[in-house]
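**Student:** Chain by chain, the residues:
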Amino acid sequence: MSEEMMEEGGGGVIKKFCYINRKAPYGTIYALESLEVVLIGAAFEQDVSVVFADDGIYQLTKGQDTAGIEMKNFSPTYRALEMYDVEKLYVEKESLEERGMTADDLIVPVEVLSSAQLQDLMEDQDVVLSF
Amino acid sequence: MATIDVAGNAVEVDEEGYLADRGDWNEEIATEMAKIDDCELSDNHWEVIKFLREYYEEYQIAPAVRVLTKAIGKKLGPDKGNSKYLYELFPYGPAKQACKYAGLPKPTGCV
Chain A
1 MSEEMMEEGG
11 GGVIKKFCYI
21 NRKAPYGTIY
31 ALESLEVVLI
41 GAAFEQDVSV
51 VFADDGIYQL
61 TKGQDTAGIE
71 MKNFSPTYRA
81 LEMYDVEKLY
91 VEKESLEERG
101 MTADDLIVPV
111 EVLSSAQLQD
121 LMEDQDVVLS
131 F
Chain B
1 MATIDVAGNA
11 VEVDEEGYLA
21 DRGDWNEEIA
31 TEMAKIDDCE
41 LSDNHWEVIK
51 FLREYYEEYQ
61 IAPAVRVLTK
71 AIGKKLGPDK
81 GNSKYLYELF
91 PYGPAKQACK
101 YAGLPKPTGC
111 V
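Chains as they are written, first to last, in our numbering: chain A, 1 to 131; chain B, 1 to 111.
By construction, these hints were calculated from the structure, which means they are not laboratory data. Some hints here could point you the wrong way.
Calculated cross-link-like contacts (lysine-lysine; reagent style DSBU-like; alpha-carbon spacing at most 30 Å) [said to hold, decoys possible]: (1) B:LYS70 - A:LYS62; (2) A:LYS62 - B:LYS106; (3) A:LYS72 - B:LYS96; (4) B:LYS106 - B:LYS75; (5) A:LYS16 - B:LYS106; (6) A:LYS88 - B:LYS70; (7) B:LYS70 - A:LYS16; (8) A:LYS62 - A:LYS72; (9) A:LYS15 - B:LYS70; (10) B:LYS96 - A:LYS88; (11) A:LYS15 - B:LYS96; (12) A:LYS72 - B:LYS106; (13) B:LYS70 - A:LYS72; (14) A:LYS72 - B:LYS75; (15) B:LYS74 - A:LYS15; (16) A:LYS72 - B:LYS74; (17) B:LYS96 - B:LYS70; (18) A:LYS62 - B:LYS74; (19) B:LYS74 - A:LYS16; (20) A:LYS23 - B:LYS106; (21) A:LYS88 - B:LYS75; (22) A:LYS62 - B:LYS50; (23) B:LYS74 - A:LYS88; (24) A:LYS62 - B:LYS75; (25) A:LYS88 - B:LYS106; (26) B:LYS74 - B:LYS50; (27) B:LYS50 - A:LYS72; (28) A:LYS15 - B:LYS106; (29) A:LYS93 - A:LYS72; (30) B:LYS35 - B:LYS50.
Pair by pair, the computed Cβ-Cβ distance ranges are [said to hold, decoys possible]: (31) B:ASN82 - A:ARG79: 22 to 32 Å; (32) A:ASP47 - B:ASP79: 30 to 40 Å; (33) B:THR3 - A:ALA116: 53 to 63 Å; (34) A:ASP120 - B:ILE4: 52 to 62 Å; (35) A:ASN73 - B:ASN9: 22 to 32 Å; (36) A:ASP124 - B:GLU32: 44 to 54 Å; (37) B:ASP5 - A:ASP124: 51 to 61 Å; (38) A:GLY12 - B:ASN82: 19 to 29 Å; (39) B:ASN26 - A:ALA116: 53 to 63 Å; (40) B:ALA20 - A:THR66: 18 to 28 Å.
Keep in mind the model is a prediction, meaning the values are calculated, not measured. Think of the CB as a built atom: it goes at the ideal place given N, C-alpha and C, for glycine as much as any other residue.
Build out the structure end to end from the sequences listed, making use of the hints.
**Tutor:** Dropping the structure here:
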């Protein structure tokens, strides 16, 4: 896709896209790939929600230090999502509680939803992509 | 790996001319990369290049052009945060070309 195309954006039908992240940030490529897809998809000006559940909530944990595993710490990039107009970030309440965490442990502001509420959210989507 | 010659040193770049190791970056490299594109860097170019380097430092990402335009507008004012101004400075695409001179990877979302 060219820069010009991306800039035009707009037009066409707006669909509801939901990206679900369930895996720890490192060890597999899923978290980083998901983040890239969300950032690329943002150019198309769709209605985007991003959900973090299970170990996926570790993707948003504050104070990540990846020096020991020689990986790039990409967690600061989640703070750029807002500038890409990706503003609906949801975290599953049960997953936070099971890990002894609260929304204050996360690098970005999120909305905490129960498993049942997330189920409703997902049923309301046109496209659900799971990572 | 391709290289470009900067003051007698071979600097590694990828097949599209982006710096292979971000840590290698210095102003001479940026100037040389611009020269290859027949572009002479003015203070206005440097302002965008430095902005991008700070942006990357903070967010670990090279912004897409839409986001760059908006962010520049916020920081440097609407005179500079618009496509016309940025495309005049960087005719090959403000995000792509400026990121290259800034030693950053190609912006996510640009193919």
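**Student:** Which hint numbers does the structure go against, in order from smallest to largest?
**Tutor:** none
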